[in-house]
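Now for the letters of each chain:
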Amino acid sequence: MKKLVCLIFSATLLAGVVSAQVLINGAGATFPYPVYSKWFNQYHQKFSNIQINYQSQGSGAGIRQVTEGTVDFGASDGPMNEDQLKQFQAKRGSQILHFPTVMGADVIAYNVAGVSKELNFTPEAIAGIFLGKITKWSDPELAKANPGVKLPGSDIVVVHRSDGSGTTYVFVDYLSKVSKEWETKVGRGTSVNWPVGLGGKGNEGVAGQIKQTPNSIGYIELIYAIQNKMAYGNVRNAAGKFVKPSTASVSAAATGSLKEMPEDFRVSITNAPGKDCYPISSFTWLLIPARIQDQAKKKALVDFLRWMLDNDAQATAEALDYARLPKAVVAKEIKAISKIQ
Amino acid sequence: MPTSTSIAEYARPSERARSFLSRLRGGDAAAHLITFLAAASIVFVTGWIVFELYTNSVLSRREFGWSFLTTQVWDPVAGQFGALPFIYGTLVTSGLALLQAIPLGVGAAIFLSELAPSRVSDALTFLIELLAAVPSVIYGLLGVFVLIPFLKTIEPAIRRVLGFLPYFQGPFYGVSVLTAGFVLAIMVIPFIISISREVLLAVPADQREAAMALGATKWEATWDIVVPFARKGIIGSIFLALARSLGETMAVTMVIGNDPKIHASLFAPGYSIASVIANEFTEATGDLYVHALIELGLVLFALTFVINGLARLLILSTTRKGSS
Amino acid sequence: MTARLVYRKATNIVMLTLTGVCTLLAVSVLFFILGYLLWHGGKSLTWDFFTKLPVPVGETGGGMANAIVGSAKLLLIASLIGVPVGFLGGVYLAEFGGSTFSYIVRYTTDLLNGVPSIVIGIFAYTVIIVRQHHFSTFAGGIALGVMMIPIAVRSTEEFLKAVPNSLREGAVALGASRSKAIVTVVIPAAIHGILTGIMLDLARVAGETAPLIFTAFGNQFWSPGWNQPTSSLPVMIYTYAISPYDDWHRQAWSAGFVLLTLVLLVNVFSRLILARKGHIAR
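So the sequence lines, in the order shown, correspond to chains W, Z and A.
Going by the working numbering, the first sequence wraps up at 341, each residue one higher than the last.
Going by the working numbering, the second sequence wraps up at 1324, each residue one higher than the last.
Going by the working numbering, the third sequence wraps up at 2282, each residue one higher than the last.
Among the hints, a few may not be true.
Unchecked claim - Below 25 Å or equal to it, Euclidean Cα-Cα: the simulated DMTMM-like pairs (lysine to aspartate or glutamate) are: (1) A/Lys-2180 to Z/Asp-1028; (2) W/Lys-46 to A/Glu-2169; (3) Z/Lys-1152 to A/Asp-2246; (4) W/Lys-259 to W/Asp-294; (5) W/Lys-180 to Z/Glu-1052; (6) W/Lys-211 to A/Asp-2247; (7) W/Lys-177 to Z/Asp-1075; (8) A/Lys-2180 to A/Glu-2169; (9) W/Lys-86 to Z/Glu-1063; (10) A/Lys-2009 to Z/Glu-1209; (11) W/Lys-299 to W/Asp-312; (12) Z/Lys-1261 to W/Glu-183; (13) Z/Lys-1232 to A/Asp-2110; (14) W/Lys-86 to Z/Asp-1224; (15) Z/Lys-1261 to W/Asp-155; (16) A/Lys-2009 to Z/Glu-1129; (17) A/Lys-2161 to Z/Asp-1028; (18) W/Lys-185 to W/Glu-263; (19) W/Lys-229 to A/Asp-2247; (20) A/Lys-2009 to Z/Glu-1220; (21) Z/Lys-1152 to W/Asp-155; (22) W/Lys-211 to A/Glu-2059; (23) W/Lys-46 to A/Asp-2048; (24) A/Lys-2161 to Z/Asp-1122; (25) W/Lys-229 to A/Glu-2059; (26) W/Lys-327 to W/Asp-294; (27) W/Lys-91 to Z/Glu-1063; (28) W/Lys-133 to Z/Asp-1075; (29) W/Lys-150 to W/Glu-124; (30) Z/Lys-1261 to W/Glu-181; (31) A/Lys-2043 to A/Asp-2247; (32) W/Lys-117 to A/Asp-2246; (33) Z/Lys-1152 to A/Asp-2247; (34) W/Lys-91 to Z/Asp-1224; (35) W/Lys-211 to A/Asp-2110.
As the list claims (entries may be wrong) - Each pair of labels, with its calculated beta carbon distance range: (36) A/Thr-2011 to Z/Val-1161: 36 to 44 Å; (37) W/Asp-83 to A/Leu-2265: 50 to 58 Å; (38) Z/Val-1120 to A/Tyr-2107: 35 to 43 Å; (39) Z/Val-1161 to W/Thr-135: 23 to 31 Å; (40) Z/Phe-1051 to A/Ser-2099: 23 to 31 Å.
No lab work stands behind these hints, which were simulated from the structure alone.
Think of the CB as a built atom: it goes at the ideal place given N, C-alpha and C, for glycine as much as any other residue.
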């Protein structure tokens, strides 16, 4: 008995002995979680001593945790604003760098009985629904964009994020651009005061909620709608065309912004001009401190960034229906990596 | 006179105790000191918790003062935080839980103490107390996959019967304060049953006998004599159940709908204090936001503190034991 | 037979039957929960669940091996905090108690017991995580340990107090010092109750989720040592249950099955021991 206890005890102690492992922790956006979890898994298969643990808790958590210093890097689809950048500088004593990883789309997913084909949504319809002013599926605003589709007269159940979310940021950023009322009444942010609706936690939670709730509508990242075989609609863009969200239409949204891409990569590509752009597209960023004390961690992160910008990793992302980064952005990023000290 | 063999019998498992003893070279003083330190550390840690809650909510307390408790708005973008929707959600779900748990719980306790033969009573109580051991997240799991679909099927029936009341109007999405109330009811029933049964059993037999001798039926004896005698303890168990349901986090978070607004209808989603902290704490950006959430924690702490205190008072005065 | 008597007799039968119905409802809820979880969880359980790590989101397969180990590690740390403090505190209250200080300790213990688990999570976050600048198994274990203390105190005190004074007096009469009497006579006499109380305590914190979200965080890989974030069963159940992926739902059921089975086994086992070693009344 004593021997067994000793054995168990020493085994657990050994569990505490850390080999030459590099353990990196990150938190943040659920938007790119499917591709991040795939990447970090692949990277670990390749370099078994490097473990990049990523918890998808929402962009708000990513920004907060990296600012507090409780994780090594964050991830967000809503770029940090000036206040947040200043806070990071004040708390951590260095800058925070944004590195775009992929681009994705916020799609309008819905669960309406009898409607299996893609619905067309106008900006007015989306704003109206999420403001709580359009309450029924049979509303004329929806009907006129979808001639020939039998929309039921039932109430629309709005689903939004209950947690701090970059997916939300992208969505409300778009709404603020297309609806003056939204901009003044609700505004932008990773967590907003929603006029109506149920809250789901993470993209996963919202998708789950929509799936379980008849006549519901919500905004989720494209891959979540595809993986869960959910219906999602086309959105009318700034050029007046109803565009289906896809890697192509998301990439189109990015090309317009390439000329004015700022040094820190913080740019919004929602409601981009251009006839094939999907209007609710966005970059998503890894938030990495400019100064990393631990040399091993720094090297691991830098190596990962280079690997991530490479063709194979970007192809993996594409297979998951994210749009790969434009070559110009990749080139710029490779230069920017040297900013990490 | 206790023989050395009977003491030795109890001392035999004390191999460990003997080596422990040899370290207590100082004997009584050392033992007293060590155990005293342990006891003192409990007081210290509890005080520390209150301290941390208080100091880490200072920004929010300064900014909003007492109006924090009466403001309905929870707007992180505008930096406006008010606790009222969460206090409302917490109280309503707990209230619903008690509404269901009290009749069922006290009824079952009466059955178990007065009617069931003692072996059956013990066995059934044992089983019911197992319910109290089921982790909250598992109640949440069952709530999401079993209760919500079930409620969705019976909701039209409820609406037909009670739909004239504002409490049962409006759309029903499955997640709602009603659902949360149901889950909480199941979670707190074992406490009410267990404690009420104990206080009922503690009522002296002569009370019942006297009632019977005067010609009362079993029910009359129970309801008019025994239950009032045990009333304080039963109420204490209800307060205990209430305190438990106020602080319940996971099960509620999974079924309440996460909507920080006050709706009259029970079919509507809501938000409880514990749920909003669980959902938003790790991601609240900005110190004011974090402090507001911690202030909510302080409010919850204060609520449970008061109610637990009342519960203890009532139960202690009835069972007259040092602990229950 | 007057009408009043008939009424009273009828009320008698109806109300007593109702109480029976209440009991039946309460018990059947338990059986339903157990049965549903056992059936649904049991059929989803695969060997992979115990041996594999989670796979990237959206893919099927994988398991929760790291969560099981993580929970075990968390409970280990929790017991290192909760057991000594709770046990020694209970000894103090039972053997050296009686003063105002004891009253304060008992009151505070009850207070600590009533603190919602989410508040303990906040506490562990502000006190450990913020200062250490990382999430860790250690912090999660501390949060759970703090939650363990009140019940450990209460059950230790209760079982020590139930030991008849004649044993203490007998030991002292034979020349033992107070502490010797406690250690060699009183504690061993109560040890069954104390140990089962601690086991029940562990079973209770094993299912706690809320404090872990802020402290142990989560980890899709193995968590080496004690200073890294770790996955745990209850948190995985929560995360997977609210997701839209059917495979994750299946895994959540399996995890719920494992967790509930462990918790209930400990509970049933403990109470049977307590009932068996009858001289320590329940």
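Here's how the hints hold up against the structure:
1. A/Lys-2180 to Z/Asp-1028: Roughly 8 Å between the alpha carbons, so the hint for A/Lys-2180 and Z/Asp-1028 holds.
2. W/Lys-46 to A/Glu-2169: violated, 69 Å
3. Z/Lys-1152 to A/Asp-2246: Answer holds: Z/Lys-1152 to A/Asp-2246 is near 20 Å, not above 25 Å.
4. W/Lys-259 to W/Asp-294: violated, 36 Å
5. W/Lys-180 to Z/Glu-1052: violated, 43 Å
6. W/Lys-211 to A/Asp-2247: holds, 15 Å
7. W/Lys-177 to Z/Asp-1075: Holds - the C-alpha atoms of Z/Asp-1075 and W/Lys-177 are around 20 Å apart, at most 25 Å.
8. A/Lys-2180 to A/Glu-2169: holds, 12 Å
9. W/Lys-86 to Z/Glu-1063: holds, 22 Å
10. A/Lys-2009 to Z/Glu-1209: The given pair, whose Cα atoms are some 18 Å apart, holds under the 25 Å limit.
11. W/Lys-299 to W/Asp-312: Since the Cα atoms of W/Lys-299 and W/Asp-312 sit roughly 20 Å apart, the hinted pair holds (cutoff 25 Å).
12. Z/Lys-1261 to W/Glu-183: holds, 21 Å
13. Z/Lys-1232 to A/Asp-2110: holds, 19 Å
14. W/Lys-86 to Z/Asp-1224: violated, 69 Å
15. Z/Lys-1261 to W/Asp-155: Given that 25 Å is the threshold and the Cα spacing comes to 19 Å, the pair holds.
16. A/Lys-2009 to Z/Glu-1129: The given pair, whose Cα atoms are some 33 Å apart, is violated under the 25 Å limit.
17. A/Lys-2161 to Z/Asp-1028: Given pair A/Lys-2161, Z/Asp-1028 holds - Cα atoms ~19 Å apart, limit 25 Å.
18. W/Lys-185 to W/Glu-263: Violated, because 32 Å separates the two Cα atoms, which is more than 25 Å.
19. W/Lys-229 to A/Asp-2247: Measuring from Cα to Cα gives roughly 14 Å; hence the hint holds.
20. A/Lys-2009 to Z/Glu-1220: holds, 10 Å
21. Z/Lys-1152 to W/Asp-155: holds, 16 Å
22. W/Lys-211 to A/Glu-2059: holds, 18 Å
23. W/Lys-46 to A/Asp-2048: holds, 23 Å
24. A/Lys-2161 to Z/Asp-1122: holds, 23 Å
25. W/Lys-229 to A/Glu-2059: Answer holds: W/Lys-229 to A/Glu-2059 is near 14 Å, not above 25 Å.
26. W/Lys-327 to W/Asp-294: violated, 31 Å
27. W/Lys-91 to Z/Glu-1063: Given that 25 Å is the threshold and the Cα spacing comes to 22 Å, the pair holds.
28. W/Lys-133 to Z/Asp-1075: holds, 20 Å
29. W/Lys-150 to W/Glu-124: holds, 20 Å
30. Z/Lys-1261 to W/Glu-181: holds, 21 Å
31. A/Lys-2043 to A/Asp-2247: holds, 13 Å
32. W/Lys-117 to A/Asp-2246: holds, 23 Å
33. Z/Lys-1152 to A/Asp-2247: holds, 24 Å
34. W/Lys-91 to Z/Asp-1224: Given pair W/Lys-91, Z/Asp-1224 is violated - Cα atoms ~66 Å apart, limit 25 Å.
35. W/Lys-211 to A/Asp-2110: violated, 43 Å
36. A/Thr-2011 to Z/Val-1161: 36 to 44 Å: violated, 26 Å
37. W/Asp-83 to A/Leu-2265: 50 to 58 Å: holds, 52 Å
38. Z/Val-1120 to A/Tyr-2107: 35 to 43 Å: Between Z/Val-1120 and A/Tyr-2107, where Cβ atoms are some 37 Å apart, the hint holds.
39. Z/Val-1161 to W/Thr-135: 23 to 31 Å: Roughly 26 Å apart at Cβ, these two residues keep to the hinted range, so it holds.
40. Z/Phe-1051 to A/Ser-2099: 23 to 31 Å: Holds - the Cβ-Cβ distance for Z/Phe-1051 and A/Ser-2099, about 25 Å, lies within 23 to 31 Å.
Violated hints, in rising order: 2, 4, 5, 14, 16, 18, 26, 34, 35 and 36; the structure is consistent with all others.
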